[in-house]
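*Asks:* Sequence:
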Amino acid sequence: MSVTFVRIDDRMIHGQTVTRWAREYPCDGLIAVNDAAASNKVLKQAYKAATDDKKTFVWTMDAWQKKCQKVLDSDSRYFLITKNPLDMKKILVDQGFVPGDVKEIVVGPCNDRPGSIKLGNNQSITQEEAEALEEIQKAGYKVKFQLLPDVSIGYFDDFKSKFGL
Numbered sequence: 001m002s003v004t005f006v007r008i009d010d011r012m013i014h015g016q017t018v019t020r021w022a023r024e025y026p027c028d029g030l031i032a033v034n035d036a037a038a039s040n041k042v043l044k045q046a047y048k049a050a051t052d053d054k055k056t057f058v059w060t061m062d063a064w065q066k067k068c069q070k071v072l073d074s075d076s077r078y079f080l081i082t083k084n085p086l087d088m089k090k091i092l093v094d095q096g097f098v099p100g101d102v103k104e105i106v107v108g109p110c111n112d113r114p115g116s117i118k119l120g121n122n123q124s125i126t127q128e129e130a131e132a133l134e135e136i137q138k139a140g141y142k143v144k145f146q147l148l149p150d151v152s153i154g155y156f157d158d159f160k161s162k163f164g165l
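The sequence shown begins at 1 in my numbering and counts up one residue at a time.
Everything labelled a hint here was simulated from the structure, so no lab data went into it. Incorrect hints may have been included.
[Claimed, not checked] Under the rule of at most 20 angstroms between Cα atoms (straight-line distance), these lysine to aspartate or glutamate pairs were calculated in the DMTMM-like manner:
#	residue 1	residue 2
1	K44	E24
2	K144	E134
3	K138	D112
4	K144	D28
[Said to hold, decoys possible] Cβ-Cβ distance ranges computed for the label pairs, FRET-style:
#	residue 1	residue 2	range
5	R113	A139	36 to 46 angstroms
6	K118	D75	40 to 50 angstroms
7	G15	V42	16 to 26 angstroms
8	D157	A49	16 to 26 angstroms
9	A36	N122	29 to 39 angstroms
10	D157	S74	12 to 22 angstroms
11	D112	L72	18 to 28 angstroms
12	G164	A46	31 to 41 angstroms
13	D112	K160	17 to 27 angstroms
Glycine included, C-beta positions come from ideal geometry on N, C-alpha and C.
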């Protein structure tokens, strides 16, 4: 059991990820995959500081591809987190990574941005992100919009008609 939870969160690693979600899905560490964050020493350090007692890795997509098999083979339990649906699609669909028994991808905060459609409080996605989520679903995953373990606005199927899907 190497990956216990898969999440898309534009803040990637923060207190709620560590405290609230780790109670629902036990983990030994967190792996955030984002090229910009992994290339920024200050940001990378800030993410690592958010998790006192957990192993925390912030990797580029390239580093992830090289290390993902080690993650699968590990006895440690990890959260896999990307900042956006496009990166998660690269991992789950384009690369064909299978995160163990995880079949539900949880979408957390996605800030309002120009060109995005608001689905719920702090949950807005663009057409391109919706298309990435559709591809993730076609690969056999359920996509759930859920800020916290007890705060969900529903599944992607409830919203995809807003994007013509």
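*Asks:* Decide, hint by hint, whether the structure agrees.
*Replies:* Hint-by-hint comparison with the structure:
1. K44 - E24: Given that 20 angstroms is the threshold and the Cα spacing comes to 25 angstroms, the pair is violated.
2. K144 - E134: holds, 12 angstroms
3. K138 - D112: violated, 26 angstroms
4. K144 - D28: violated, 23 angstroms
5. R113 - A139: 36 to 46 angstroms: violated, 25 angstroms
6. K118 - D75: 40 to 50 angstroms: holds, 41 angstroms
7. G15 - V42: 16 to 26 angstroms: With a Cβ separation near 18 angstroms, G15 and V42 satisfy 16 to 26 angstroms, so the hint holds.
8. D157 - A49: 16 to 26 angstroms: The hinted range 16 to 26 angstroms is violated for D157 and A49, with Cβ atoms some 37 angstroms apart.
9. A36 - N122: 29 to 39 angstroms: violated, 21 angstroms
10. D157 - S74: 12 to 22 angstroms: 33 angstroms Cβ-Cβ, so the 12 to 22 angstroms window is violated.
11. D112 - L72: 18 to 28 angstroms: violated, 35 angstroms
12. G164 - A46: 31 to 41 angstroms: Taking Cβ atoms as reference, G164 and A46 lie about 38 angstroms apart, which means the hint holds.
13. D112 - K160: 17 to 27 angstroms: holds, 19 angstroms
In terms of the numbered hints stated before, the structure departs from hints 1, 3, 4, 5, 8, 9, 10 and 11, listed from lowest to highest.
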